[in-house]
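> These protein sequence lines are chains A and B, in that order. Per the numbering used here, residue 2 is the first one in the first sequence, and the count goes up by one each step. Per the numbering used here, residue 2 is the first one in the second sequence, and the count goes up by one each step.
If you are wondering where the hints come from, they were derived from the structure by calculation, not from laboratory data. Given the structure is predicted, the values throughout are model-derived calculations rather than measurements. Check each hint, because a few of them may be wrong.
Said to hold, decoys possible - The list that follows gives simulated cross-link-like pairs (lysine to aspartate or glutamate, DMTMM-like), each with its CA atoms no further than 25 Å apart: (1) Lys152/B <-> Glu199/A; (2) Lys128/A <-> Glu187/B; (3) Lys131/A <-> Glu187/B; (4) Lys47/A <-> Glu71/A; (5) Lys131/A <-> Glu181/B; (6) Lys189/B <-> Glu139/A.
Protein chains: 2
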Amino acid sequence: MPQSTAKIVQKTRIQHQNQALILKAALEVFSAFGYRGGTIDQIAKKCGLSKPNLLYYFKRKEDVYVAVLEATLAEWLEPLRGLDVNGDPIVELTRYVSEKLEISLKNPQASKLFANEILHGAPHIQKFLKGPLRDLVEEKSAVILEWVAQKKIAPVDPQHLIFAIWAVTQHYADFSVQVEAIMGSEPKPDRTRKAVIELLLRGLRA
Amino acid sequence: MPQSTAKIVQKTRIQHQNQALILKAALEVFSAFGYRGGTIDQIAKKCGLSKPNLLYYFKRKEDVYVAVLEATLAEWLEPLRGLDVNGDPIVELTRYVSEKLEISLKNPQASKLFANEILHGAPHIQKFLKGPLRDLVEEKSAVILEWVAQKKIAPVDPQHLIFAIWAVTQHYADFSVQVEAIMGSEPKPDRTRKAVIELLLRGLRA
DNA sequence: GTCTATAATATGATAGAC
DNA sequence: GTCTATCATATTATAGAC
Numbered sequence: 002m003p004q005s006t007a008k009i010v011q012k013t014r015i016q017h018q019n020q021a022l023i024l025k026a027a028l029e030v031f032s033a034f035g036y037r038g039g040t041i042d043q044i045a046k047k048c049g050l051s052k053p054n055l056l057y058y059f060k061r062k063e064d065v066y067v068a069v070l071e072a073t074l075a076e077w078l079e080p081l082r083g084l085d086v087n088g089d090p091i092v093e094l095t096r097y098v099s100e101k102l103e104i105s106l107k108n109p110q111a112s113k114l115f116a117n118e119i120l121h122g123a124p125h126i127q128k129f130l131k132g133p134l135r136d137l138v139e140e141k142s143a144v145i146l147e148w149v150a151q152k153k154i155a156p157v158d159p160q161h162l163i164f165a166i167w168a169v170t171q172h173y174a175d176f177s178v179q180v181e182a183i184m185g186s187e188p189k190p191d192r193t194r195k196a197v198i199e200l201l202l203r204g205l206r207a
Numbered sequence: 002m003p004q005s006t007a008k009i010v011q012k013t014r015i016q017h018q019n020q021a022l023i024l025k026a027a028l029e030v031f032s033a034f035g036y037r038g039g040t041i042d043q044i045a046k047k048c049g050l051s052k053p054n055l056l057y058y059f060k061r062k063e064d065v066y067v068a069v070l071e072a073t074l075a076e077w078l079e080p081l082r083g084l085d086v087n088g089d090p091i092v093e094l095t096r097y098v099s100e101k102l103e104i105s106l107k108n109p110q111a112s113k114l115f116a117n118e119i120l121h122g123a124p125h126i127q128k129f130l131k132g133p134l135r136d137l138v139e140e141k142s143a144v145i146l147e148w149v150a151q152k153k154i155a156p157v158d159p160q161h162l163i164f165a166i167w168a169v170t171q172h173y174a175d176f177s178v179q180v181e182a183i184m185g186s187e188p189k190p191d192r193t194r195k196a197v198i199e200l201l202l203r204g205l206r207a
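Make the full structure from the sequences, and use the hints.
Take a look at the structure:
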């Protein structure tokens, strides 16, 4: 009995380990080639498993994709959630832009995966977009409008401000190839951060 | 002899017509599903040709893709090219942002096709990025720096300003699904334009 | 130039031994 | 749980008649 339990625990551990390996490899593959472009063969090779063995953990290719996609959604919401109506608007927005940019630069693959999904109509995350994401944007738009009402920042359309922040911060991850082609090398994160904050927030000071 | 010539002309006309049909259909398919996701079968059906007939005009799937991609590159450069160092900076930049946004909204498929290509490493347009695009950005960065030197606009990093304009304007085309999910409906172009111009350029007034 | 038929390949998924 | 072998299917591309 004890040995049997130990065995189960052992197996479960290996399961979790392998699942983690698969998700890591899947993120690399799907972010680079898209859902249709990436193959389970590539993913299996990248994490040292055979194709049938991978499909033992995830029955279908789509299941792997959805799993890795959903793993990134939580992280996606987090920075915006922190926007505090009681804080100083410029400080709050600066922190938000900084965090969003840092996440994009630190994990460009997740950003690309997400961008690719939305670019092709978001077939797997409609509910996320229309549910949690929409609700959060609505909540934080109210925060920004409150700041405007209190004349703490210049008048601004809150939804479009949020879109602009997303667009610019993710641009450096999603279109890194273009950025590097034009700048001749990888942009310096610190300089990028300063430039982005200036561009997006300078016009808001009341 | 005259008839023979007429025939050739006729054929050439049909060729051009069919090529145009193919490129139009290919843009729809590739922008929606990506390069790997789109099939020549879909494209052929969409323009009423048989698959072998399509492959008579373009030998390989990749040739169709490259053709439709390159057809969009010229249009891509055009608005930035108009930035005139002798004009009023705010007027010039406002015009540029407006044109860029209008093109994105009018032809979101081309924007998506382009975004997808870059997202996946731009394997087919490396030369375009490192050549004409880079050169043009360099030229127009100098224009913006000149305006800064003349104290006509506030100090700004010209490359990052251009990136921000691209990111925000294309966002409404590339991520339209997300924008609509959050706003509940298609955004009004006029309101979007005003919001984007305010957000990007308000901070630049000297 | 256009078609039907088909070859050649890639890839998702399963069967069954161990 | 993991493997080899294989099936089933989708898709690119070509052959050859008309």
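> If a hint holds in the structure, say so; if it doesn't, say that too.
Going down the list of hints, with the structure as the test:
1. Distance check on the hinted pair: Lys152/B and Glu199/A sit about 17 Å apart at the alpha-carbon level, within 25 Å; holds.
2. With a C-alpha separation of about 18 Å, the suggested pair Lys128/A and Glu187/B falls inside the 25 Å cut-off, and the hint holds.
3. As the CA atoms of Lys131/A and Glu187/B are separated by approximately 14 Å, the hinted pair is consistent with the 25 Å bound.
4. Only pairs whose Cα atoms come within 25 Å are accepted, and Lys47/A paired with Glu71/A is accepted, the gap being roughly 21 Å.
5. About 9 Å separates the Cα atoms of Lys131/A and Glu181/B, which keeps this hinted pair within 25 Å; it holds.
6. Under the criterion of a C-alpha separation no larger than 25 Å, the hint pairing Lys189/B with Glu139/A is consistent with the structure, at around 18 Å.
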